[in-house]
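Colleague: Single-letter residue listing:
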Amino acid sequence: MTDILARTDPTAAVETLWSAAGLGDLAVLESVLADDVRWENVGLPAVRGRKAVLRVLSAVNWPGAGFGVKIHRITATGNTVMTERTDVIIVGPLHIGFWVVGVTEHSNDGKITLWRDYGDVLNVTLGFLRGLLGIVFPSVRPRL
Amino acid sequence: MVTAGSPTRLDPGAIVTRFLEAVQNDDIDFARDVLDENIVYQNVGLPTIHGKQAVLRLFGALENTSFGFEVDVQRTTTNGYTVMNERYDALSFGPLRTQFWVCGVFEVSERGTITLWRDYFDFAAVSRAFLRGLIGIVVPSLRARF
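Those protein sequences? They're chains A and B, same order as listed. Note that the first sequence covers residues 1 to 144 in full-length UniProt numbering. Note that the second sequence covers residues 1 to 146 in full-length UniProt numbering.
If we strip away everything but chain A, and leave its shape as in the complex, we get (with noise of 0.2 angstroms):
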């Protein structure tokens, strides 16, 4: 019961899908994410479809990789979910924070249909630089 309502929810969707992006679990991802899902980090350019987002999505279990993230706010309507977060990519002992805030379109069985992610490129330049710089001090990385 708890699973088919988790599976339901969307903002369930949306907390399991930043779960398992923090854990690299692709079987979960999957398990979120609808058939024909458009995936859109604005300003570049949309990766269409499940199959091709997890190809992206892989590289979070290369070696050395990781990913991180803390959700400061979500809220929902209907079938809408908006995140407010601060993610961490990983690469080896670079590590770069930047915010960004999160739009979901869920199917009515909870898949995300639409997954768009909006930046500043400035700021993720400066959480860049801030990663170089936590590569020679650590105490400078980014937390979460």
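Since the hints were derived computationally from the structure, they do not count as laboratory data. Built from N, CA and C at the ideal position, the CB exists for glycine as well. Be aware that one or more of the hints could be misleading.
[To be verified] With the C-beta cut set under 7 angstroms, the calculated list includes, among others, these residues of chain A facing chain B:
{"no.": "1", "residue": "R73"}
{"no.": "2", "residue": "T75"}
{"no.": "3", "residue": "A76"}
{"no.": "4", "residue": "T77"}
{"no.": "5", "residue": "M82"}
{"no.": "6", "residue": "E84"}
{"no.": "7", "residue": "V88"}
{"no.": "8", "residue": "V103"}
{"no.": "9", "residue": "D117"}
{"no.": "10", "residue": "Y118"}
{"no.": "11", "residue": "V121"}
{"no.": "12", "residue": "L122"}
Start from chain A and add chain B according to the hints.
Modeller: Same frame as chain A, but now just chain B:
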């Protein structure tokens, strides 16, 4: 003070949308009613503005200039007294129109006043919109529209 007509009758999502429309329409009375005394107004990446008086001073300084603000709310989502929206904002100054995406995070008090107004945007997108706006001064058909 929240007066009759009254933001408190609206749910938090509607308060936020009406507030943004009030800013667009220079409805300073509604803004005065709905902004909390201790509002925190953040444009992420820029200095934070604290308190209703400071926000109203900013609006006042822009009133009666050729500066204009327009908003097009695409989506609004809520969780209790937290409101988020996905929107397009347009800032115009005379014939210069700069239109760009914004994601807003708001906190509304139980009294119906806005205590947090945080706008996220992309400096690169705003810069491109500004350049497009400059071209649009010369070629009006290229001005961005909602």
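Colleague: Each hint: holds or not?
Modeller: Hint check:
{"no.": "1", "hint": "R73", "verdict": "holds, 6 angstroms"}
{"no.": "2", "hint": "T75", "verdict": "holds, 4 angstroms"}
{"no.": "3", "hint": "A76", "verdict": "holds, 5 angstroms"}
{"no.": "4", "hint": "T77", "verdict": "holds, 4 angstroms"}
{"no.": "5", "hint": "M82", "verdict": "holds, 4 angstroms"}
{"no.": "6", "hint": "E84", "verdict": "holds, 5 angstroms"}
{"no.": "7", "hint": "V88", "verdict": "violated, 17 angstroms"}
{"no.": "8", "hint": "V103", "verdict": "holds, 5 angstroms"}
{"no.": "9", "hint": "D117", "verdict": "violated, 10 angstroms"}
{"no.": "10", "hint": "Y118", "verdict": "holds, 5 angstroms"}
{"no.": "11", "hint": "V121", "verdict": "holds, 4 angstroms"}
{"no.": "12", "hint": "L122", "verdict": "holds, 4 angstroms"}
Consistency note: the structure conflicts with the earlier hints numbered 7 and 9.
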